[in-house]
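We have chain Z; now place chain P onto it with these hints.
Now for the letters of each chain:
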Amino acid sequence: MGRVEEKRSNSLFEALTEVVRYRELLLSLGTREIKARYKQTFFGIMWSIFPALATMLIFTFINKLKIIDIESGSIPYPVFAYCGLLPWTFFANALTGATTSLVSYSDIINKIYFPREIIPFSIIVSKLIDLFIGFVIFVLLALYYQVKLPVTIVALPFIVLLQVIFVAGFSLLFSMANLFYHDVSYIVTVSIPLMMFVTPVVYPIKVNSLQWYQALTIFNPMVPITDAYRDVLLFGRWPNMQALSIPICLCVVLFIAGLILFHKTEHLFAENI
Amino acid sequence: MSSSSTQYGVEAHKVWKRFHRGERPTLLSDVIPYFFRRLRHKESPISSKTFWVLKDVSFQVKKGEFLGIVGHNGAGKTTLLKLLAGIMKPSRGSMKVNGRVSSLIIAGAGFHPLFTGRENIYLNASIMGMRKREVDKKIDSIIEFAAYGLPEYKKFLDTPLKQYSSGMLVRLGFAIAAHVEPEVLLVDEILAVGDIGFQQKCLEYMNNLKKKETTVVMVSHNMIHIANYSDRVILLDEGGVVLEGEPANVVGVFEREMAKKMNWVGVGNVPANLPKGWASLQNVQFVAAQRIENALYFDYGCPIVTRFDYNCLLHPLDDITFSLSVYRIADGYKCFTIFSHMYGCSPQIKEGRIELTVASHNLLPGEYVFDVEIQSLRSGIVLAVHRERKVIVGNTPHYLSQQAHGVYQPANIAWSAIP
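So the sequence lines, in the order shown, correspond to chains Z and P. Residue numbering for the first sequence follows the numbering used here, starting at 1 and increasing by one per position. Residue numbering for the second sequence follows the numbering used here, starting at 1 and increasing by one per position.
Only chain Z is shown next, with the shape it has when bound in the complex (with noise of 0.2 Å):
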């Protein structure tokens, strides 16, 4: 793990097998922003589950009080919820945790040299833990209702895959611009819930709703990968490539300036921090 000053460059491959490089410091990292939330407290991992169960619940109870009528097909409602719930959760934490994390950082920062990219792809890894933590209740909750699970659950790492490429590349690009003006995560944490509104989280998107939300879900990457979850671990479908080929266009590009940008100014977050 030498720093050979010659070797270095700004090109985008160094800054991805720099990345590599450092995978255990990533993971090690990771794990500690794990173990680090859950202790000293009586649940402990269990606290990654219940937000998202609380809020399926909640809304499970309004459906059932008919306060508003989702449509859920098929499929049992608290199954449906629960299954938009577990990309949303992902998404939303991982997001607002990356986007802080260079600041809570600044101590390391201020002292020692890594690519700083591993901080804000570490709180990513930590959220994917969770991720993952949350699949498994949902096949428990499936199991519950006699929802089947059908073979499309196979294209699941690849849906997993694409969101982790979207989340990377605005964690990288907020985490940042947050070392610069604090107010990003301000904005991010006031925008996320805004956005769940335009997402099938807790419910479907009907295709004749106004013409203005329609607009504001074209532009939401989150609509087509959420659809894509409900798709592969509900309906039986595999992905619906037609609509996800704009968001993986978005989501590479997205990435890959992010990354470009975060290793050209890297060397400026010690002073600015």
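Accuracy of the hints is not assured; some may be wrong.
[What the hints assert, rightly or not] Here are some, though not all, of the chain P residues that point toward chain Z, as calculated from beta-carbon distances under 10 Å: (1) F19; (2) T26; (3) S29; (4) G86; (5) M88; (6) V101; (7) S102; (8) A109; (9) H112; (10) L114; (11) F115; (12) R118; (13) A125; (14) S126; (15) R131; (16) S416.
[Claimed, not checked] 27 Å max Cα-Cα, derived DSSO-like pairs, lysine-lysine: (17) K111(Z) <-> K212(P); (18) K154(P) <-> K39(Z); (19) K264(Z) <-> K14(P); (20) K132(P) <-> K39(Z); (21) K155(P) <-> K39(Z); (22) K264(Z) <-> K55(P); (23) K35(Z) <-> K162(P); (24) K111(Z) <-> K276(P).
What the hints contain is simulated information worked out from the structure, not anything from laboratory work. For each residue, glycine too, the CB sits at the ideal point set by N, CA and C.
Frame of chain Z, contents of chain P only:
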């Protein structure tokens, strides 16, 4: 890479580093007027607020060499280390580091208070670039290091760090940092950590580094450490290299500069109630063998010549004696006193010049106060005093624990086994 570049562990070539002074406006209500001010005044007000922390710094450190960096606070030493560590980049120029870098500045970076000592070892080590397999192998050694002279320490390894004392934290941080085995090590004022027992362990570690041929760049305000370990010393002042060379030489110049700036005449408390006007000491010099100028640093075992002018109005003159006393600064221990009358030297005239040669004082490396006095023998009254701080340097086997080894090393020692 050519062979000429690989012989160096560190190469700094015309390094400049600029910092901003003052707070950059971020608030909307500050940014807008700031923006208009900039428009009106053409030249950006930022430029007036920047300053150079490092100015055209160039140096090389050969592989296995130990470079010391000294200078006042704010001279740019820590910035230089940060550039070497890759935390910042130079504004101009280039900084090359060949090989795995680690630094003791970071001891304890990323410690988590809720994690146990053992968990933190793994965490911290991975931040410092160690692999898990490597830590598995070294963990016993790390624990031994941290628990040096403090066996109860091991009982705390599975206790969260929040229960540790600050000294225990420092021990753990240093122990991990000491096991990174870098090719280039950066040290920032770390040797003053922990209790005396642990400090010894740290010094022992520094000594082992020399054997392992690690390239070291050390910043310290402890001139004894700098002089003892460094092969070469750089003096930084206001961001530039002012002097580079032999440790004793550079350190000596720096200390004299400091003494001048601080208007520091002598050391210790010269008795305030000296009878005035009876005698005086002038032009006191402590000179190393074969040198002429007053020295602050003396090599271990080097003869020391003391010279001074005296002026004495007290009669009879044979009641007067001169003396040189040496006190150890660490504990105020009086190492010895040499009276002139015991060596048959008393002043014959009211004023004159005296020279005292101590060929083998055998003082161990450390800081001392040299104290020259004029005294009345019969009354025991001290008439004039001159005190100066002096440092004996040297990398002798005894420097590790000065106190434990006593004051001096007797000459002409012969150990042998009797058959």
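In ascending order, which of the hints set out earlier in this document are inconsistent with the structure? Violated hints (numbers, rising): 3, 12, 16, 24; every other hint is consistent with the structure.
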